[in-house]
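Enquirer: Whenever a hint applies, use it, and build me the whole structure from the sequences.
Number of protein chains: 2
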Amino acid sequence: MRLTTKGRYAVTAMLDLALNADNGPISLAGISKRQEISLSYLEQLFSKLRQNELVSSVRGPGGGYRLSRAADEIFVAEIVDAVNESIDATSCGGEGSCHKGDICLTHHLWCDLSKQIHEFLSGISLASLVARKDIQAVSERLNSEQTEAPLAGQQQERISASSLA
Amino acid sequence: MRLTTKGRYAVTAMLDLALNADNGPISLAGISKRQEISLSYLEQLFSKLRQNELVSSVRGPGGGYRLSRAADEIFVAEIVDAVNESIDATSCGGEGSCHKGDICLTHHLWCDLSKQIHEFLSGISLASLVARKDIQAVSERLNSEQTEAPLAGQQQERISASSLA
DNA sequence: ATATACCTGAGTCATTTACTTGGTTATATA
DNA sequence: TATATAACCAAGTAAATGACTCAGGTATAT
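If you read the protein sequences in the order shown, they are chains B and E. Under my numbering, think of the first position of the first sequence as 1, with each following residue one higher. Under my numbering, think of the first position of the second sequence as 1, with each following residue one higher.
Errors might be hidden in some of the hints.
Since the list gives no way to pick one copy over another, a pair counts as held whenever it fits inside one copy or between any two copies.
To be verified - Result set (PhoX-like, lysine-lysine): computed pairs, CA atoms no more than 20 Å apart in a straight line:
| no. | residue 1 | residue 2 |
| --- | --- | --- |
| 1 | Lys48 | Lys6 |
| 2 | Lys33 | Lys6 |
| 3 | Lys100 | Lys6 |
| 4 | Lys100 | Lys33 |
| 5 | Lys115 | Lys33 |
Because the hints were derived from the structure by calculation, they are not lab data. Computed from a predicted structure; not experimentally measured.
Expert: Next comes the structure, spelled out in structure tokens:
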């Protein structure tokens, strides 16, 4: 079982989509800047998210991605599953073939754990995250980091008009 | 966060110790045969388990390892922690420095998940696993695989007298 | 026509896993 | 006291994975 940056990025990006859903299609470039995720890496992740019908895309200028369902019908477990194979703590993929074709000593324990985690993440929708005050606060911080002129740092990048509210 | 073979092996080996606690110190060679885990790999894992004071060792012939506490005072979470750094779903180690020194959009979510998993595994003692009928059944199967003469296969390995009940 | 932004595949570098190899040291027993 | 047992220890290694970059393509609004 693994839950690494890959799954975290995917959920973060999907949550960014949900938070900015009013502004039409959201470009990966925008997500990349707000969330500090490599654009190319995002493209790879969104390829999988699109295959799993969690997002739909609009090509061309002004294009980007949209959630393919309402935010209260998309759950964190689905997102992690889409990019990360599965949230499974067993070595046998739940098949019970972990010790010479039969189950190993700890098979039941890892099954229970997998179930526990999956139920937890299946109960959390993007909408429920969007509704949280603490998450709204973080979102506002990230958006203002984006729109405010950077004071220090290297060459200032051009900010596209469409990315401004 | 990761839960891989390493953590599973550690818990399996500790459970083997708990199940066979009556037979004096348990050798890693015995665990290796019963659970099909590489002996050298077990040695590495037990080095960490010993550092974390979960087991104590007896050297020399007839030696092996013992649980350093009663089985109802050792919890799965401790074992995984001992070999696996930690069961933490955040990227910042819970410190809240995941986005430019501040928290990232999904920080709270991964904190909640980490807490969930940790509470679950902290509630499961080795004693509670030993008490489970399904686990007892697996244990008996593994012990009889061990003591019965293998019918097919390669060269039969010598079974040391001390490893028999 | 051009710029935007999605889409794709290949390659890379570092890290981790799950081992193996080759020893040393302590101790019970013959 | 020699020997076998079994804990200890350090180093190396092959394969997999993660988190990217690079270098192109293709669709479309302006």
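Enquirer: So, for every hint listed, does it hold in this structure?
Expert: Hint check results:
1. Lys48 x Lys6: Classified as within; 11 Å inside a copy, 29 Å across copies.
2. Lys33 x Lys6: within (17 Å within a copy, 37 Å between copies)
3. Lys100 x Lys6: between (32 Å within a copy, 18 Å between copies)
4. Lys100 x Lys33: For Lys100 and Lys33, the Cα distance is within 20 Å only across copies (12 Å; inside one copy 49 Å).
5. Lys115 x Lys33: Intra 35 Å, inter 30 Å, cutoff 20 Å: neither.
In summary, the one numbered hint that this structure violates is 5.
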